[in-house]
Amino acid sequence: MSEFNPRENYFALLAVPQSYEVNQSDLTRRYRELQQSAHPDRFAGASERERLHAVQYSSQINEAYETLASPTRRAAYLLKLAGVDSDMSSTTFQDPEFLMQQMQLREELSELQDASDPESALDRFYQDLDGAANQQKSIFSEAYAQQQFDEALASYAKLQFLEKLRSEAELKESELLDY
Amino acid sequence: MLMQISEPGQTPEPHQRKLAVGIDLGTTNSLVATVRNGSSQTLADLDGKHLLPSVVYYGEDGSISVGDQALALASGDPRNTLLSVKRLMGRSYADVVGEESVIKSPYELLDLGQDMVKVRTRAGDLSPVQVSSEILKALGQRAEETLGGELTGVVITVPAYFDDAQRQATKDAAKIAGLNVLRLLNEPTAAAVAYGLDQQDEVAIAVFDLGGGTFDVSVLQLTKGVFEVLSTGGDSALGGDDFDHAIAQWFVAENNIASLDMYQQRSLLTAARQAKETLSTEAEVLVSLGDLNAKLTRQQFNDLVDPLIDKAIRACKRALRDAKLRNNDIHNVVMVGGSTRVPRVRERVAEWFGREPLVDLDPDKVVALGAALQADQLVGNRSGDEMLLLDVIPLSLGLETMGGLTEKVIHRNTTIPVAMAQEFTTFKDGQTGMSIHVVQGERELVEDCRSLARFELQGIPPMVAGAARIKVSFQVDADGLLRVSAREESTGSESRIEVKPAYGLSDTDIADMLQQSWASALDDKEARALREQQVEAEALLQALSAAMLQDGEAMLSELEQRELLAKMEALHHEREHGTAASIAKHIEIVGRGSEVFAERRMDASINQALAGRRVDEI
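So the sequences go chain by chain: W and G.
Taking the working numbering, the leading residue of the first sequence gets 3, the next gets one more, and so forth.
Taking the working numbering, the leading residue of the second sequence gets 340, the next gets one more, and so forth.
Just so you know, these hints were derived from the structure itself, not from any lab.
Here the structure is a predicted model, which means the values were calculated and not measured.
Some hints could be false.
Here are the simulated DSBU-like cross-link-like pairs (lysine-lysine), alpha carbons at most 35 Å apart as the crow flies [unchecked claim]: (1) W:K166 to G:K650; (2) G:K476 to G:K514; (3) W:K82 to G:K663.
One chain only, chain W, in its complex shape (with noise of 0.2 Å):
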């Protein structure tokens, strides 16, 4: 049986095997188990120095937990483990399927605050993003499961490219719909 280690890789510390895919139930679990035993709250009467540990352990098995359970972070992590640099700022894209996708949502979102329903036009937006969110995915899990990671690395750098536009989206959907 492994040790609780809160510097341990966080497929570790949350007991998922170390993959791409990873069985979301199995993950919130075991995080809520870690923090029914970490969690500040329960070290309300001990001395101060347990509550500090206590602070950081949370922290830190919510860290783990918010980047297993993200789709991007996961990928990022991944890479990071394999050793991969994943900083995006010098990535080019030189795959003309995606470029057009991309450009196509674009226009989507740049379309949306002329359209007669934008709520429902915001809607189509998310779903055509998750759309092709999905489809980089399957490639990242793919790719990562055979260890080619130059091409895990090129479909994370389109999952972030994608996310940044998803937050595009909720920036413009707050102005249109006056949060």
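We have chain W; now place chain G onto it with these hints.
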């Protein structure tokens, strides 16, 4: 040998119940609740009233009255009767004096630039923190008198939407009131706990909390005792007070009133509030101010408040989007806050979520009831219970980068506690200082976000540009409070600093306020400081002796045990014979000396919990 060190009475008795309460520090009303005979109940004052109006009156004779007594004096002396100060907590003048209208704040606010706003009264210029501490003190006293003993700790609720400055201000107010804060709990989370909605199956619920001055919505996932907040949102300047203001504005327009003095304003707002309450049951109401009258129908009232309710619904929409859920995924909607009594609010909420909201518990009391349950658990009265509350940070934390832009370091709706670090470098050769600006908010421009802290990092060893590695760490604890520290890493020379929010109070401010609040001589202050240190020493010795009894032999070598015990013995001696300062010093020594032990115990307790589970699973 180990047993002899802990004197009788130092080891906590396992079955002794500790006194703990939950306090709902509200904009309009405040409440205190505790768990008695297995159920959570709010505590009444001597007249049998549970709600304490959040009003403080500073009298001519230097007396301070709180609650109904103060409220009775509100229209007679508006300048010295402070209402709704929760709206001022942790805010600057510019924050609170937003839109211009005929209906202004009925008391005088002082513009202190970036610092927290103050109120000018005959008792001096008061921070909202001080005023709030009077309310907390009154509730603390009520609890101690009713329960017949000293409180071990309190849980105080805050709107989930409160930012770091507002949370810190609340905690400071408790400190000044002499209360030991176990936890700041988000109001919606407290409400969910009070309803005890948790069940075996995983369900999502929404908490719709419309109070006097704030609106909060939270989406939670509940499973077997775990209350996990998925998202939270709201408006820290939207509440029932705005309904009153809307009626008052309508009345002003209806009667072509050009201006109102402070007394008239106060009377008009009171009339407006009464009209609002009447319209919950009647179809129409006559609003009067002096000789002026106007009839308000429920339909007119609905039209007046609909734009305000729209704002609340939009916040719900966003909270659901953040939680990645749709309105029909929501299993239950919990209603909190007095303003959810307005029939139009219930109507609109039912319509939007497509289900009737839960209103079984008194919407004014539900938050305090939940806070009491949490307090009871935190002091250890409910062992074996596995309730766990996982909250989120409501607003993103970021740093200012080139060109006045923000770079987010921790995103909103991240589960807390959370720690993040970011590395920076110097951009000039030989640069030895660096300025770091921490902000909170969602907007891209720094000027649109809340400035939390600005600090200069000094003493970076001179190096070529880009060689220094400065690591700035953010730690947000379970109360949602931030600590920032910075360290130069490349040389190993640590220059570690800790940052307090700009809007918060400095330790000196707090010390001054504490002194004022004791309103006593210097001797008293020293006596108090001594007593505080003695209590802290006692608590530390108790916690440690219990820990030593349990795990000392298993986890520490004989030498380690002996060293730690010697330090404890020295602290015990100081506690009896030392000064406040010498006790504080020994508390620090024992604290440092028990560091390794604390760490081993944490690891072991987690491993034990996990081992137990794994055996079950196999």
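Taking the hints in turn, this is what the structure says about them:
1. Between W:K166 and G:K650, the direct Cα distance comes to roughly 27 Å. Compliance with the 35 Å bound is thereby established for this hinted pair.
2. Taking the CA atoms of G:K476 and G:K514, the gap is about 10 Å. The hint holds against a cut of 35 Å.
3. At roughly 28 Å between alpha-carbon atoms, W:K82 and G:K663 fall within 35 Å of each other, so this suggested pair holds.
Of the numbered hints listed earlier, not one is contradicted by the structure.
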